[in-house]
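Turn these sequences into a full structure, and let the hints guide you.
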Amino acid sequence: MSGAASAGQGPYRSAAVCTSHTLAHASTPMSAVTDHLSEAAVLRRAVVRLNRRLRQERGDGGLSPNRLAVLGHLHRRGSATPGEIAAEERQRPQSLTRVFAELEADGLIARETGTADRRQAVLTLTDPGRRALERDMAERDAWLAEALGALGETERGVLALAATVMDRLGTMDVSARHG
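Position one of the sequence shown corresponds to residue 287 (the working numbering), numbered consecutively onward.
In short, the hints are calculated from the structure, not lab data. Misleading hints may appear alongside valid ones.
[What the hints assert, rightly or not] Label pairs and their computed distance ranges (CB to CB):
1) Ala326 with Arg378: 20 to 28 Å
2) Gly438 with Arg335: 15 to 23 Å
3) Glu370 with Asp413: 16 to 24 Å
4) Gln406 with Arg330: 35 to 43 Å
5) Asp321 with Thr399: 47 to 55 Å
6) Glu388 with Arg363: 17 to 25 Å
C-beta atoms are modelled at their ideal positions from N, C-alpha and C, and glycine is treated no differently.
What follows is the structure, given as structure tokens:
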């Protein structure tokens, strides 16, 4: 690790300060949001850059982002209704109707009638769907694992904490607090 990073300078200091500041001020009033704009811009740029790189690491014929989102949801959460998937992905169910139909036609998901409400469909990840998801993620995970191996232990620890916080940010509904 460089002297600047170990001395609390550079991007590692910023990430640690941003993380501790964000965790300590999770219910910051709207008037203070402008104080966080530069931190937000730095985070957004980093997320966009990493996302772009991970997309580049995908093999040819990989899953579309919407297909990946649906399969990933079913892999993480288990069977779900189309409405539940759309809500978590912050999309309207109608926007995913074609994706659900394509995934079902390709045998990657199965559609069953709900047991509690027979009018409602329940989607389940099939074994071919799980394999397609795993194949799609494998190349990106391999690149990311190799890149993480080039970092120091402290940097990997900071990224592990940042990943947890970023996951929480992705599900946070801040508009309800400030509306």
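Hints versus structure:
1. Ala326 with Arg378: 20 to 28 Å: holds, 26 Å
2. Gly438 with Arg335: 15 to 23 Å: holds, 20 Å
3. Glu370 with Asp413: 16 to 24 Å: holds, 22 Å
4. Gln406 with Arg330: 35 to 43 Å: holds, 37 Å
5. Asp321 with Thr399: 47 to 55 Å: holds, 51 Å
6. Glu388 with Arg363: 17 to 25 Å: holds, 20 Å
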